[in-house]
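Peer 1: Those sequence lines, one after another, are chains A and B.
Numbered per the numbering used here, the first sequence spans residues 1 to 340.
Numbered per the numbering used here, the second sequence spans residues 341 to 464.
Hints in this document: simulated from the structure, not taken from any laboratory.
Please note: incorrect hints may appear among the correct ones.
Stated by the list, open to error - A partial selection of chain A residues facing chain B, derived with a Cβ cut-off under 7 Å:
1. Arg43
2. His47
3. Ile80
4. Arg81
5. His102
6. Ala106
7. Ala164
8. Gln332
What the hints assert, rightly or not - Some chain A residues flagged as far from chain B (calculated, every beta-carbon gap over 10 Å):
9. Gly82
10. Ala84
11. Arg219
12. Ala338
Glycine included, each C-beta is placed from N, C-alpha and C at the ideal position.
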Amino acid sequence: MVAAAVAAAAFASSVILLVALVVLRVARDMRDRRLAARVARWRSALHAAMESPTGSTPPVPAPRDLPVFLRLSNHLQETIRGEASENLSAAMRAMGILPAIHAIVARRGLHDRLVAITALGHLRDATAWGLLAALSRDADAVLSFASARALLRIDAPRALEFLAEAVRREDWSLARLGTALQEAGPDVVTPPMERLLADPAPEGLERLLKLARFAHRERVAKVVRGWLGSSRRPLVILAALNFVEDAADLASVRGAARHADWRVRMAAARALGRIGTQRELALLLGLLDDASWWVRYHAAQSIGALPGVSPRELEAFRARAPSALAAGMLEQVMAERARA
Amino acid sequence: MARTALIVEDDPDISQLLRFILEREGFQVTQLGDGRSALALVAQGEIPRLVLLDVMLPHATGHDVLAAIRSAPAWRAVPVVMLTAKSREGDIVRALDAGANDYIVKPFQPAELKARIRRLVPAA
Numbered sequence: 001m002v003a004a005a006v007a008a009a010a011f012a013s014s015v016i017l018l019v020a021l022v023v024l025r026v027a028r029d030m031r032d033r034r035l036a037a038r039v040a041r042w043r044s045a046l047h048a049a050m051e052s053p054t055g056s057t058p059p060v061p062a063p064r065d066l067p068v069f070l071r072l073s074n075h076l077q078e079t080i081r082g083e084a085s086e087n088l089s090a091a092m093r094a095m096g097i098l099p100a101i102h103a104i105v106a107r108r109g110l111h112d113r114l115v116a117i118t119a120l121g122h123l124r125d126a127t128a129w130g131l132l133a134a135l136s137r138d139a140d141a142v143l144s145f146a147s148a149r150a151l152l153r154i155d156a157p158r159a160l161e162f163l164a165e166a167v168r169r170e171d172w173s174l175a176r177l178g179t180a181l182q183e184a185g186p187d188v189v190t191p192p193m194e195r196l197l198a199d200p201a202p203e204g205l206e207r208l209l210k211l212a213r214f215a216h217r218e219r220v221a222k223v224v225r226g227w228l229g230s231s232r233r234p235l236v237i238l239a240a241l242n243f244v245e246d247a248a249d250l251a252s253v254r255g256a257a258r259h260a261d262w263r264v265r266m267a268a269a270r271a272l273g274r275i276g277t278q279r280e281l282a283l284l285l286g287l288l289d290d291a292s293w294w295v296r297y298h299a300a301q302s303i304g305a306l307p308g309v310s311p312r313e314l315e316a317f318r319a320r321a322p323s324a325l326a327a328g329m330l331e332q333v334m335a336e337r338a339r340a
Numbered sequence: 341m342a343r344t345a346l347i348v349e350d351d352p353d354i355s356q357l358l359r360f361i362l363e364r365e366g367f368q369v370t371q372l373g374d375g376r377s378a379l380a381l382v383a384q385g386e387i388p389r390l391v392l393l394d395v396m397l398p399h400a401t402g403h404d405v406l407a408a409i410r411s412a413p414a415w416r417a418v419p420v421v422m423l424t425a426k427s428r429e430g431d432i433v434r435a436l437d438a439g440a441n442d443y444i445v446k447p448f449q450p451a452e453l454k455a456r457i458r459r460l461v462p463a464a
């Protein structure tokens, strides 16, 4: 009797549980379908706004839907550029959506805040400058970088006044920072980069030099090449060598080819290939016996790149090479050139 | 002959955006989200007037699909516009060498895409 009651109760519980699961599943599917329908409407409205900002704009979505709407608009902004992007921003601002986005930045969880911060950047909301500037100094690397990126989109020259701070933030991905600077463009990046590089010992020099490629090369080179004759720091000499394009620097480059640091010798070998003539052959042939594989490799590449050095001459150098190391490296470079 | 276009793009938001642009230009659009389905369509599907083809696709790349289009006699003359990310501009040379008619780098200007499409498939 008791066993039958227990079995009946267990059966009833299972049925109730099953029904609850089905109800929950159906409710979730209905919610997903309703959201998908809203997303489809928003998408159409955003596409139309992209073509004409003066057309009808959709109402601001309900607060619970706003992050989904902003993710959609952020993605669209990152897919398009030019007039369409400006039209979309104008149309969204005309919706009166900015206060609702500010509210998300102030209150919600990290993910929604990131979406909202990114949207403020795309909408070039100058009123958010103070809020985003404060957040760009937050200890959270993701939040602070997203805020800095938004500042760059709002007013790149003003945001880059803080380039030194950005370089010091070692928790910010250099690759992402580079992408942001690339988006800003070399005209905007070059002036603050020149100012920072003019400092004889800027903080975060290594990171700064890696970002220097997003500025105009010739203007960075003008500053950095000056370091060749004035600095004893290997990293600084190495950076200067990477910017050498002028035969006027040959004497300094020859000196760097005998530096104690192999990275400097390697950069010097590469620079000789760019600016040298056959007068540098003896020096480069000597570097083929260097202890570092990288120095030997770049010396061999540079020998092949010197004006007037033909494949036949390269073969003659290989045949006369004073060591197996030198001959092997020339052989590798000859094989690479034959394959190219 | 109907102005039909095939979009092969794995990002549904970008695919919908391309559909919007093409429909505004009067095309009837078919969307596919991976390279394998595109290869199957090239093998036995209806031939479109234009193909917009992303380079980075699941299962088979845009380069694979382009090669299939250019080696299928019925598809050989179909104009193909390749879509590539700004960070992968090296793909452009490879695609043009392999027979792509034009390319668009993402992020792109919709007006520029429309102009390129009009050049390749003039309105009747």
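Peer 1: Each of the hints needs a verdict: does it hold here or not?
Peer 2: Evaluated hints:
1. Of the supplied interface hints, the one on A:Arg43 holds, with its beta-carbon coming within about 6 Å of a beta-carbon of chain B, less than 7 Å.
2. Against a cut-off of 7 Å between C-beta atoms, the interface hint on A:His47 holds, since the closest Cβ of chain B lies about 4 Å away.
3. Of the supplied interface hints, the one on A:Ile80 holds, with its beta-carbon coming within about 6 Å of a beta-carbon of chain B, less than 7 Å.
4. Taking 7 Å as the C-beta contact cut-off toward chain B, the hint placing A:Arg81 at the interface holds, the least distance being around 4 Å.
5. Given hint, A:His102 at the interface with chain B, is violated; its Cβ is 25 Å from that chain's nearest Cβ, farther than 7 Å.
6. The criterion of a C-beta within 7 Å of any C-beta in chain B is not met by A:Ala106, whose closest approach is roughly 28 Å, and the hint is violated.
7. Interface hint status for A:Ala164: violated, as the beta-carbon distance to the closest one in chain B is roughly 26 Å, over 7 Å.
8. At a threshold of 7 Å, the smallest CB-CB gap from A:Gln332 to chain B is about 24 Å, leaving the interface hint violated.
9. Not every Cβ of chain B is farther than 10 Å from the Cβ of A:Gly82; the closest lies at roughly 4 Å, contradicting the non-interface assignment.
10. With a cut of 10 Å on Cβ distances, A:Ala84 falls inside the contact zone with chain B, its closest approach being about 5 Å.
11. Remark: the non-interface label on A:Arg219 is consistent with the geometry, its nearest Cβ contact in chain B lying 23 Å away (cut-off 10 Å).
12. Residue-level check passed: A:Ala338 sits 21 Å from the nearest beta carbon of chain B, beyond 10 Å.
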